[in-house]
Amino acid sequence: MELGDRVAVIKGDMRYEGILMPSRSDHVVIKLSNGYNIGLIADRIEVLEKPRKKEKPPEQIRMREDLPLVSIISTGGTIASKVDYRTGAVTSQFSAEEIISAIPELGEIARYRARVLYTILSENMRAEYWIELARAVAEEIRNGAAGVVITHGTDTMTYTAAALSFMLRTPVPVVLVGSQRSSDRPSSDAAMNAICASTVAVSDIAEVCVVMHGSTSDDCCLIHRGTRVRKMHTSRRDAFQSVNQPPIGRVDYSTRRIETFSDYRKRGECELQMFDNLEPRCALIKYFPGADPEIFDHLIESGYRGIVIEGTGLGHVASDWIPSIKKATENGIPVVVASQCLRGRICDRVYDTGRDMLAAGAIEAEDMLPEVALVKLMWVLANTSSLDEAREMMSRSLAGEISGSTPMDV
Amino acid sequence: MGRDGIDMDYRALGLVCGIEIHQQLDTKCKLFCRCPTVHREVEDSNFEFFRYLRPARSELGEIDRAALEETLVSRRFIYKSYDTTCLVEADEEPPRELNREALEIALVIARLLRMRIVDEIHTMRKTVIDGSNTSGFQRTAFIASGGSIDTSCGPVGIGILCLEEEAARIIEDRGDEVVYSLDRLGIPLVEIGTAPDIVSPQHAREVAQHIGMILRSTGRVKRGLGTIRQDVNVSIAGGARVEIKGVQELNLIERIVELEVLRQVRLLEIRDELHRRGARVCGDIVDATGLFSNSRSKVIARALKGGGVVLATRLDGFNGMIGKEVQPGRRLGTELSDRAKRAGVGGIFHTDELPAYGITEEEVSSLRSLLSCGESDAVVMVAAPPERARKAMEAVIERARETLVCIPEETRRALPDGTSEYMRPLPGSARMYPETDVPPVVINEEMVEQLRLPELVVERAERYQREYGLSPEQARIMAASSNYQLFEEIVNSYRVQPSLVVRSLESTPVELARDGVPVYRLSDRHFMGCFELLSQNRIAKEGIPALLKAMAENPDLEPEMAAQAAGLMSLGASEVERIVHEIVSAKIDLVRERGERAIGPLMGLAMEQLRGKADGAAVSALIKREINAILGRAD
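Residue numbers (this note's numbering), protein chains in the order written: chain A, 1 to 410; chain B, 1 to 635.
For reference, chain B alone in the conformation it holds in the complex (with noise of 0.2 Å):
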């Protein structure tokens, strides 16, 4: 089997694997209040608060494991506020009813993912005490199930359709205190969650692609970057559920799995081998400060001058397996370290890795007889104030036993080099209750029936080849566009070359924008405008670049009066005939040295003056009628 983990076989392993899709709508209003779903610089925020979260009990009297969590470390949360945001965003207003445009579209998604919809929706509160959401929870109702789509590896079934608020979006993390933004709270998104039915990292990335055009096939979701994000979910024969979170490329997506499929075979390794060398996890913390009172490493110096202590436990038959790697660049000794950040430390030092960071031989061989090692041992320790240090090693340990035992389930957080790291516990069903400011909503068979479902992106790129001409790849950009309605209207209104149309619309933009031209200044009547001159060939294609930036720089003038402030306008054609034969004119001898051949210098002198007011071809045209004429051959 390969090591790394792009040969392995999912079947044998049993790879089980999900994906979840997280994708904001492209409302009006947010999901329960009328604030525009904007995007705000941090810089404009025109207020900020604070406050702490404490989690509540579930309505059948649970609190969530990952809520619990969550309160070992008491965090202050600091909001910021603006003028698009209200009360609602900071939880000092009741809600208001389920914003019924989002609505509409979690159920043409629905529709379009051939899923059923419940009958009464509820909105529930999901516990949330991250900070990421001002009540402490996040509003989210369960809109349908049972859909499917079809894929190169067979259907894979849409289980869940839940339409629910974004959450804030994380400014800054002090460590005890946790800046958050307010204008992304409550922007409404559909969360989609397929079946275990995905068999390898390819067919997750087909998967989460299909479903990305379904979405953007509606026309009323946002896009750019942030406003899509995929949660994956993992796990191998022996392994365990892993949920990681936040991939926002979907390129990634392939290496996620692929590397999660990886981490899940390492550990299992490790537990094995762990097995076979009798290891245990003794559970004793000792108190190693007076080992380190000189020490030369910076980290624990610093820690020391602060008031803190060295801690530190032994690992039995652990010796050389903390540094097995488990992912690229991430080891055994990452994953015990990830809990012990959980509880407000730096990070730990482990003798796989020792000396080192300015510890030395002598400090490793007295930690490890102070801890009765043997050779097959290994010591895991921290240097950080008493209770966090305290709270590190029990961190520490309780990971070291789970790797005795299994993969332990967890949330973790999407790196963006395809690994990733803890970040909670897998929350339960204990998390959610419900919304009692929010009324039920009852969905009736005419609603679902006046739904309007668009025309997918795929079947519109088909339709563009067939209908207008266009290339493969050409028919997928337009389809895929959110220009193309404009593109439609234009190829339908106007005798022009739609992929002349295409290229204008979605290349050309990007190439001036590049140079610096304000194309966002453009609208659908600036490109209207631009097609029509050139259907009545008073402007030649090869000036519509420099007609586009010119309207972008004056976006007032109609495109008839820029196309002439630019000198744009096609000439007459006697006035071309007269200029190509003045120019011809004036190069009489080199006509008659290089015969046919001064068709290329010829050309280029014309098109000096004729770019953008005069076809090439019929400026070629010209050119060779003149030569002839000049070397007396008949046209």
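Chain A extracted, bound-state conformation (with noise of 0.2 Å):
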């Protein structure tokens, strides 16, 4: 007896017919004539028929050669994969047509070259797959691609996104994607995030960004820059939001126009240029009222290079923890603040307690996001050798995270 078997359950005298389909529990499943599965405690099983194979022909779709190029590189994102419900297994085929098959705007847009590196959930995502993912979109974009689309799980993408961003300079659009309600229902998000990601793949957006759904309705999609971006929501489709700095634009679903609010590097203004080196050994800690400064000793001492702490208010710690700061910083190893309060700057010259920290060696995140500044202290700490270097790179704009002004409206 395999799963998909056409079977008869027989319970004292009634006997439900159906397909045999995978099961969780010691019960027997069984999906009835009408759709409906349901378990069973089967005082027997007979197998009334094996299925038949049904070959599906490939879809048959032509892609428009007066079209610009656009790579697909799935990550495991939910965006253009299929559950089989028989055996519950995510099938990883992701052919350039079965995507155009599954959402047939995209072929209007652009033609495409699909490619799979990785089927993993964005939470099992890690400094060496950003590398290996870098690497990849370089290739891409080497191999003639106009654009970039990646499809990425939402939990984790703002950290690619930021990490892409500090590796790459690129000349095209490098476009993130994901989806917040599952492909495999009629009101998923994929669909339209997935044609106004191809929509800026195709202009003059020559950024690594995230476009994700700006509204609960279907309306538009927002453009934020990759190291601006956070999620912000654990479920709502419009979770992803910049923070500090407006997006970079917004792409109208119905009519797919691009509108800008923001300064861009525009395609082709610079040379494609990867630095591909990361330092994974960087933590990002958060504070809290009480929080024993033997966590941070606990990080250096277990060879930490670069610390992050996400600090309280303006970016403050107890004074407890200034000797440890001062400790990490003797030993080589920078210590960025960061804010819990996500909006908004670091300032450490306002209270005693920042000043000490200042004076301890704390380098102040400006308006960087707690988790930007962690990738790109692994970005900094793996191309430079000293401190002072370091400290200097860390509180400086590389890709537009860190802003000289706040401005009033975010």
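None of these hints come from the bench; they were simulated from the model.
Every residue gets a Cβ at the ideal spot worked out from N, C-alpha and C, and that includes glycine.
A portion of the hints provided could be inaccurate.
As the list claims (entries may be wrong) - Taking CB as the label site, the calculated pair distances span:
no., chain 1, residue 1, chain 2, residue 2, range
1, B, 439, A, 234, 47 to 57 Å
2, A, 409, B, 38, 37 to 47 Å
3, B, 293, A, 51, 53 to 63 Å
4, B, 39, A, 269, 52 to 62 Å
5, B, 219, A, 97, 55 to 65 Å
6, B, 439, A, 104, 46 to 56 Å
7, A, 51, B, 154, 36 to 46 Å
Combine both chains into one complex, guided by the hints.
In structure tokens form, the structure reads like this:
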């Protein structure tokens, strides 16, 4: 007896017929002819019929040669993946034809080359994978892609976006996209996000960016700079928001027109450059009232090369942490202070604690998001040789992650 | 055979009929979130958003045909949300676990219908992309099967009971936009489907009534308009299964079945006649715009002005058949037009009804010659923007072809007069796939055994006749009322007449409400207090309506205070005697003149003063005694 067989389940004087489905408990699960699944404790099961293998002819989709070429790199986001409900497995067949057959509008925007890099949940991402991804993106650009779309799980998409922002200077758009509501539902945001991402990929916005829903309605997607975006909601479509700076722009879903709100690097303005080194031994720790500086000391002793503290308010920790900051700095470990407030700029010159922290060697993250500060620190440590140099680079904007002035309206 | 659908021989026609009943449950929370199950006014909406839907493949890789047809029309769905709805209704948050209160009610209903409950309940997603569900699917779970009820025509099987979420309420259909209200989305609902054991229209109504009675017996289902809906499945031999959705009036079920049988009979007659004529559908679509450039038809002129076209097709051998009636006021032409409307046009014209609507004889004859029509041929045409006009004509051609083969299987919408209109093709099983966000629920024997089954309303009515001496009619009303527990409490607590209690609970408030009395303010406490006073003879039974009115207007007053304030407290026996004596003494001449017949006018005078303060029968007896005293007779 195998999954997919047509079976009869006998239970007392009842007889249920249906297709055998996977079960996560000790019940037998069958799909009835009306489509419902039910779980039963069976007296007996009879196999009625083996499934006929249905060979579906591959979909013949012609891509329009007059359109620009976009590379789609999949890292395991749900955007065009398929779930096999018979086995419960997520299939990673991912041809350009399949993507277009799932979202036909994409075929009107570009022609595509598809590549599966990973099939992992985004919480399982790590610095080594970011490096490999940066190399894959660079290769696609060298091979003539007019834009690159990266499908990505939404949980850690912004870390990946920040990492690519520091590792790549790109002459073409590099767009990360995902979906908050699974792509197997008619209401999924996957198709609209993919259509808008593809629209950005053929635009002149040559930046690493995240393109996701701009509101709960299907009206527009926002184009967020890769170093300014944060996932601000667990489940909503419009979870992704730019913090401390406006987004680069928006894509109207019905007209597919792009409107920009801020400066951006234009297509072809720079040559492709890649700096594919990261120092993964960096930590991001959150200060809380009463937190024991031992946590901090432990990181120093465990060989961490850089530490970002998410401090309170303007960027504070308790006074008893200051000796530890000093110790780290003396050991050549940069300590960067960002804020739990997320919105606003670090300023450690207002209160005594802050001044003491600065005296102990702390580096202000300015208006950088804590996660971006972490990723940047990984990159800076891999690309510098001294603490002073690292300190200087952490304080300077490298990929739009720091601004000189904080606008009122964000 | 009768042509009006009333005296058909349903057995000979091979009627196969089953019904589906959808009943909202009266739970505290919705099925998959903690929002209350309350109705809201659209004006109170505090937010709106819009979405588009696209079909997703089922778990077996197929797209449902009903879902596919829906996407032919790409529509924008606008949703109104409230401070009583949350992100789950907005499809912005995963569902919570299946509501246990709703599950328990569903299990009770399954037991009352003598059904077999499955061991593990799996929530499914049923694809519905008409926008009525923000997610694009309705969450639904199969609970039980294999039940039955006893009816006057033998047992009727109950094939399926599902627990599902109610859809959003449609507010407005603007064609390319539909507005929905999210207050109703997610209210728990049981769907009960009978086996196709129903033998006649009357039987269909009886079955619906019986199931409705069982549902109400739980005391845990919602009451009122729209909280229960019936779908009817009908086919006859040689016909096809047609599902008619959304019958809100129980009384309409019979008529719906009659008229669907009639429709299928007539459509088969039309098919046979078309076969005799050798009718065929060529399927060519001809642009006839040129013929109508100066048309006086408003519809056509408006369409052409907006850049539209007139498209037409010839139906060979159909002349006279398109105008044939299939249901009262609905012709074969209506069937064609229903399909065309799905493509977004206002309607169609056909030669069986032309010249009319500003289209002239000359225009019709040049149309017929443009399409090379013979005498027995008909033409159908449409005036609309080019793309819609083409889709509409294609839909008409498809329906016309079906006319020659069989009756199409489809879902139709019930109309208030018992006829129905086309909605969409019958959905298949490809529309179901598992709701992976909701874990399965194991049902064990212990859970089922612990269910407390309620007394059925019919059983309760019999008991009320037996124990309280109510008439069958009063017993039926009281047993079915949501006040039945209050009724029992009153008659078990106080020595009062049970029929008076029924009247005071069930009719008096309705009458008072008609006069604008805010009876919704009355609670159990008020009724209990009222009958306590009555049982102590401190008010008269005639005073009950006035006391209920007084308490409704002043709900915070204690019943006794309300009775005093309204001057309804009974007078002492000596006081009543004194008043009666005064009245009769003042009219001593009348008594002498009329003798015993003076009682009528005297009673009127006495009750003017004593209504609601003294029992009428007692007053009457007192007057008689006074009269006899005057006339010098013994009591």
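- Message: 52 to 62 Å was suggested as the range; check whether the CB atoms of residue 39/B and residue 269/A agree with it.
- Response: holds, 58 Å
- Message: Given the hint of 36 to 46 Å, is the C-beta distance from residue 51/A to residue 154/B inside that range or not?
- Response: For residue 154/B against residue 51/A, whose Cβ atoms are near 39 Å apart, the range 36 to 46 Å holds.
- Message: 55 to 65 Å was suggested as the range; check whether the CB atoms of residue 219/B and residue 97/A agree with it.
- Response: Holds - the Cβ-Cβ distance for residue 219/B and residue 97/A, about 58 Å, lies within 55 to 65 Å.
- Please test the hint of 37 to 47 Å on the beta carbon pair from residue 409/A and residue 38/B. holds, 38 Å
- Has the hinted range 46 to 56 Å been met by the Cβ atoms of residue 439/B and residue 104/A? violated, 35 Å
- Task: Just tell me: holds or violated, for the beta carbon distance of residue 439/B and residue 234/A against 47 to 57 Å?
- Result: violated, 19 Å
- With 53 to 63 Å as the target window, see if residue 293/B and residue 51/A comply at their CB atoms. Roughly 59 Å apart at Cβ, these two residues keep to the hinted range, so it holds.
Figure legend: structure checked against the earlier numbered hints; hints not met, in rising order: 1, 6.
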